[in-house]
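Line by line, the protein sequences give chains A, B and C.
For the first sequence, the working numbering begins at 1 and goes up steadily by one.
For the second sequence, the working numbering begins at 1001 and goes up steadily by one.
For the third sequence, the working numbering begins at 2001 and goes up steadily by one.
Think of the hints as simulated: they come from the structure by calculation, not from any bench.
Each residue gets a CB set at the ideal place from its N, CA and C atoms; glycine is no exception.
Check each hint, because a few of them may be wrong.
[Claimed, not checked] Partner residues aside, some chain C positions facing chain A, computed with beta carbon under 7 Å:
hint : residue
1    : Cys2030
2    : Ile2041
3    : Leu2054
4    : Pro2057
5    : Arg2060
[What the hints assert, rightly or not] If you want a taste of the chain C side facing chain A, the calculated C-beta under 7 Å gives, among others:
hint : residue
6    : Asn2019
7    : Pro2021
8    : Arg2023
9    : Leu2031
10   : Ile2032
11   : Ile2033
12   : Ile2038
13   : Gly2051
14   : Lys2124
15   : Leu2132
16   : Thr2135
17   : Ile2153
[As the list claims (entries may be wrong)] Counterexamples of contact, computed for chain C against chain A with all Cβ distances above 10 Å:
hint : residue
18   : Arg2052
19   : Val2065
20   : Pro2066
21   : Phe2068
22   : Thr2070
23   : Ala2107
24   : Ile2108
25   : Thr2119
26   : Tyr2122
27   : Ile2149
28   : Ile2160
29   : Arg2168
30   : Gln2176
31   : His2183
32   : Gly2200
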Amino acid sequence: MADRTFPIEGTLDLTPAHVHEHTWLEVLHEWVTTVDHKKLGIMYVLYGFFFLLVGGAEALAIRVQLAEPNNHFLSPEVYNRFFTMHGTTMVFLVGMTIIFGFANYLVPLMIGARDMAFPRLNAFSFWMTAFGGLMLYYSFLGGSGLYGVGNAPDVGWFAYAPLTARAFSPGNATDYWALALIVTGVGTVGTAINVIATALSMRCKGMTLMRMPLFVWLSVVTSGLTLVTITPLTAAQIMLVIDRYLGGHFFDTQAGGSAVIWMHFFWIFGHPEVYVLVLPAFAIANEIIPVFSRKAIFGYPAMVAASVGIAFVSLGVWAHHMFTIGMTSVSNAFFVLSTMLVGIPTGIKIFNWVATMWGGKIRFATPMLFLTAFVFQFLLAGLTGIMLAVAPWDWQLHNSYFVIAHFHYVLVGAILFAIFGGLYYWFPKATGRMLNETLGKWNFWLFFIGFHVTFDTMHFVGMLGMPRSIYTYEADRGWGHLNLIVSIGAFIQGISVLIFTTNLLWSAFRGKVAGNDPWDAWTLEWAAASPPPVYNFPTEPSVSSRRPLWDLKHPEDPDWKYE
Amino acid sequence: MDREWLRTILRTGTAILFFLLLPAFAFADGPQPVPSIFAPASTPASDIYSLSLFVLAITGGIFVVVGGLLAYVIVRYRDKGDESDKREPAQIYGSTQIELAWTVIPILIVVVLFLTTARMIFAIQDAPKPPDALDVTVVGHQFWWEFRYPKLGIVTANELHVPLSTNKDPLPTYLKLYSADVDHSFWVPQLAGKTDLIPNHPNITWIEPKSTGLYLGQCAQFCGVEHAEMLLRVYVDTPEQFAAWVKNQQQPAVEDPQVAAGRRVFETESCMNCHTIRGTAATGRFGPDLTHLMSRSTIASGAVPNSEANLRQWIKDPDSFKPGCLMPAMQLTNQQLDEVTAYLETLK
Amino acid sequence: MSTATLIPHATHAPEQEWNLPSRGRVAMYCLIIGESAIFVIFVVAYIYYIGRSLTGPTPREVLDVPIFNTICLLSSSLTIWIAERSLERNKIRLFGAWWALTLVLGAIFLVGTGIEWHTLIYEKGLTISTNLFGTTFYSLVGLHASHVIFGLIGLSTVLIFTLLGKVREEHSERIQVLALYWHFVDAVWVVVFTVVYILGR
């Protein structure tokens, strides 16, 4: 691929083209042994996308089983494994991998660096995470093997004690859950350390912290939050393994241990974890919405402050997942307050996005379609979140399909929509080709329709008293028709994802050739070639504002005059 | 360009639908098979319902304002596709006043919501217990409910009877919640919010049902393979009905000599190791108390109706109704099954 | 579509000092934060379960305060600090000596812990499965000891390089980053010691 960046003498790659032809074995070797952040980023995203398809298949199986009452498509054992694996897969093998994949690919490019701070740690972390995922799925082959649906975890993705004690889960299902996630956790922490060190120590000249793209800011905040989020889960899982293998009593209620303490430890991980998942969606929004509105982001300093604020406050809200366990009224009230407070900086971000679009010239290319839907859906998700924060109402809604609807609104409606938008936006940078815009629009509209058919309806099913984690339900409860609608929407989403997969595969080989900067954007990654050479930039850039390419394109009205 | 209008219409439509459908669930008083949280028949469910309407109003207002702004922005500021106009719009970096305003207003909303919520938390959780309240001890098992009335000397399972509470004669039922194994949760949406049953961590909840009838619920904390079939039936009785029920439950088991053979099967085929039948030698505690099995309308914790055929099939092979439940199939012969079923059918 | 293919170079601001923190130091601080979170969870579990064991033995009955061990470990922070300063002044032999002393002090601590555990298991009857105290004690102290082991592996590696003559003044920054980890391990011991041997008894 010819280097399209500015031809400074001695920096062009003049190697003749035929030398670059490799056998597939050489290509495989290159990817397996790479320490290049771009290749690792792509592998993270492809790995995550693969498990999105797997987790999605698990979801579709669940929805077939629930489409009518007293169904027999899946036995209870199989169903319980599927919903546990669906949740575990989507959080750890899809969410965490894709977001760190994006960060890995983009952070060095956006700060004008050559690679991450610790390239070998980067590779090690990726392979740890990848291996952990394989370990988790190997569980399907354990026990009596695939046809007996193996030994996959079946204790719910939050694995409450004492259901996970040897007495109540005698097989190895729980062990797979705990051990696989300890392994992926090591990888995640390694990448988080790498992102922070890169952003703090490898910025190009002139890029002060307040000139970093918001994507980088949010990647740093996400990584910092990860350091104190994943580690409590690792600690709790080590305790669980000690209980199960060494006869420990951490969660052994017969020995005076506490089931509640598992809940505390899990949710001290679990709540900040959802912020770890959503902050990168904000990161993507902060890059795409301004570019497609043709305006700078409204209120950059406030966005930084809100992100940091969200990270800190999110560490103090965890027990809103435990309103029904019998905490004192004072404790309950405290967590109501902290939960509502974290909603404030989160809500402010929505206002900032709307204000960015206000007065702009909005182009609704596929990335912007996804990100506009993101804002709308995140608003709704936030509002149902407020409903859940009201503890007495949560005493009804907790563990019902209303909660499932709420968190899927965030995870799918906000995060996955933002990820799709980000994929459409940065695919040209990573591959040098555009994703097909017509397929993109089909992808978007089908996904939007399917999403709303499923998850809007799901709120009502929850309000009609349907709890979660049940493999079937009685016919007379009035949940049958609504569940059927939910299931239909799921299949529409499935078709949409297939369209995306087609688009991905087709465009990688046949997509329209993109230039360096197909979207007319303003951050440093668009100054590198598409795809960038392994060294990213032939000379180290230096910047004097938040939008260095805007300054280049608008020398009469540069940003540094106003900052 | 019709796409943007389509999106606006879809959004407005969703919002309208939400508000239209909502009242549909607010059935008037009384029990119904659909356990909707919007059809309360008891304090505290009715208090929660009022609070939820207040919260819905506020969040609905926020939705209309912010969603409306978003819809407006999408339509008004879209790129009209005029190729000749290549100017970029005015770059606005921020505005301290606007940002201050949209920080302060949400803070105020949070203050209002928090104070309202806190008040209700204290009202429900710390409500003083009247001395004549009915006490029920609930013990959660995998996958059935044990109900004990300590002051009345009653032990039963899966189907709870409580007395009606009127404004003139308030008679709340206080439930102490324990677990014999893993976490469970007691949820009957029309009566109250759910409270968990956690081993080594007793909890208390209370209900004050205001209309008679049968209320449905189920376990709401994943507790293992048959969590889905750990169903709840709560019968709110008039004072007379309740007194009659209590009186019956307090009797020891019916002794009908015609089914002596079945009783012998029960006692010799290890049924008595898990089950209690008061007045006999069976004092097992692992499974439900069967003393008045025939006073219940379902078996297997609500999984199937309590008919003779179902009972026989359940004893023959519990996994056929509830695969993975903890009652083993005792490999009884057909004759033994007939006899023991006939015996159990006398336990009214 | 933009046609800009230039790498931005700031023409506006004059050349200023551009100092960024060392990536090794940043990474080590991040690792310390993450590890601290793990320790916090184990400490919380320990504190929560104080006095809640249903059976004996209790801490008071079986625990002896490991004063000697603690002195060794905490002074190893001092010796490593001296080693760091020696290397900064290019005094390689002095650096090697103080570094080796740090290693020895750390090893003494580890051996002392091993002896303590041996006594507890075989003479006093306290194992990880005995009761809540046993579980939380061995988990917390063991977690700390495993971090001491990781530290000692790092220290040994550096000692080997020193003996081979490969370590010079310009490696000061990296040595200090490793020493930071060692200081962290000592700081954690202060907390564990207080919680287990003072609060818990």
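So, going through the hints one by one against the coordinates:
1. For C/Cys2030, the shortest C-beta to C-beta distance to chain A is roughly 4 Å, which falls under 7 Å, so the interface hint holds.
2. Annotation: interface hint on C/Ile2041 holds; nearest CB of chain A at approximately 4 Å, less than 7 Å.
3. The restraint placing C/Leu2054 at the interface with chain A holds, with a minimum CB-CB distance near 4 Å, inside the 7 Å limit.
4. With a least beta-carbon distance of about 14 Å to chain A, the hint placing C/Pro2057 at the interface is violated under the 7 Å criterion.
5. Given hint, C/Arg2060 at the interface with chain A, is violated; its Cβ is 18 Å from that chain's nearest Cβ, farther than 7 Å.
6. Interface hint status for C/Asn2019: violated, as the beta-carbon distance to the closest one in chain A is roughly 10 Å, over 7 Å.
7. Among the interface hints, the one on C/Pro2021 holds; its C-beta lies about 6 Å from the nearest C-beta in chain A, closer than the 7 Å criterion.
8. Interface hint status for C/Arg2023: upheld, as the beta-carbon distance to the closest one in chain A is roughly 4 Å, under 7 Å.
9. Because the beta carbon of C/Leu2031 sits about 6 Å from the nearest beta carbon in chain A, less than 7 Å, this interface hint is met.
10. Interface hint at C/Ile2032: violated, since its Cβ lies 9 Å from the closest Cβ of chain A, which is beyond the 7 Å cut-off.
11. A least Cβ separation of about 5 Å between C/Ile2033 and chain A falls short of the 7 Å threshold, and the interface hint therefore holds.
12. For C/Ile2038, the interface hint holds, the least distance from its beta-carbon to any beta-carbon of chain A being 5 Å, beneath 7 Å.
13. For the restraint placing C/Gly2051 at the interface with chain A, the shortest Cβ-Cβ distance is roughly 10 Å, beyond the 7 Å limit, so the hint is violated.
14. Restraint check, C/Lys2124 versus chain A: the minimum CB separation of about 17 Å is more than 7 Å; hint violated.
15. This hint holds: C/Leu2132 has a C-beta 5 Å from the nearest C-beta of chain A, less than the 7 Å allowed.
16. About 4 Å separates the beta-carbon of C/Thr2135 from the nearest beta-carbon of chain A, less than 7 Å, and the hint is met.
17. Against a cut-off of 7 Å between C-beta atoms, the interface hint on C/Ile2153 is violated, since the closest Cβ of chain A lies about 17 Å away.
18. Not every Cβ of chain A is farther than 10 Å from the Cβ of C/Arg2052; the closest lies at roughly 5 Å, contradicting the non-interface assignment.
19. Non-interface status of C/Val2065 relative to chain A is upheld: no Cβ of that chain comes within 10 Å, the nearest being about 24 Å off.
20. At roughly 22 Å from the closest C-beta of chain A, the C-beta of C/Pro2066 stays outside 10 Å, upholding its exclusion from the interface.
21. Against the 10 Å criterion, C/Phe2068 stays outside the reach of chain A, whose nearest CB is about 28 Å from its own CB.
22. The claim that C/Thr2070 lies off the interface holds: its Cβ sits roughly 24 Å from the closest Cβ of chain A, which is beyond the 10 Å cut-off.
23. Once the 10 Å rule is applied to beta carbons, C/Ala2107 is consistent with being away from chain A; the minimum gap is 25 Å.
24. For C/Ile2108, the non-interface assignment is confirmed: its Cβ lies about 27 Å from the closest Cβ of chain A, beyond the 10 Å cut-off.
25. Chain A leaves C/Thr2119 outside its interface by the beta-carbon criterion, the shortest separation being 19 Å against a cut-off of 10 Å.
26. The Cβ of C/Tyr2122 lies farther than 10 Å from every Cβ of chain A, with a closest approach of about 17 Å, so its non-interface assignment holds.
27. Remark: the non-interface label on C/Ile2149 is consistent with the geometry, its nearest Cβ contact in chain A lying 16 Å away (cut-off 10 Å).
28. Listed as a non-interface residue, C/Ile2160 keeps its Cβ farther than 10 Å from every Cβ of chain A; the least gap is roughly 21 Å.
29. Distance check on C/Arg2168: its Cβ is at least 23 Å (rounded) from any Cβ of chain A, clearing the 10 Å threshold; non-interface status holds.
30. Distance to chain A confirms C/Gln2176 as a non-interface residue, since its nearest Cβ pair spans about 15 Å, more than 10 Å.
31. Non-interface call for C/His2183 relative to chain A: holds, since the shortest CB-CB distance, roughly 18 Å, exceeds 10 Å.
32. At the 10 Å boundary, the C-beta of C/Gly2200 stays outside the reach of chain A, the nearest C-beta of that chain being 15 Å off.
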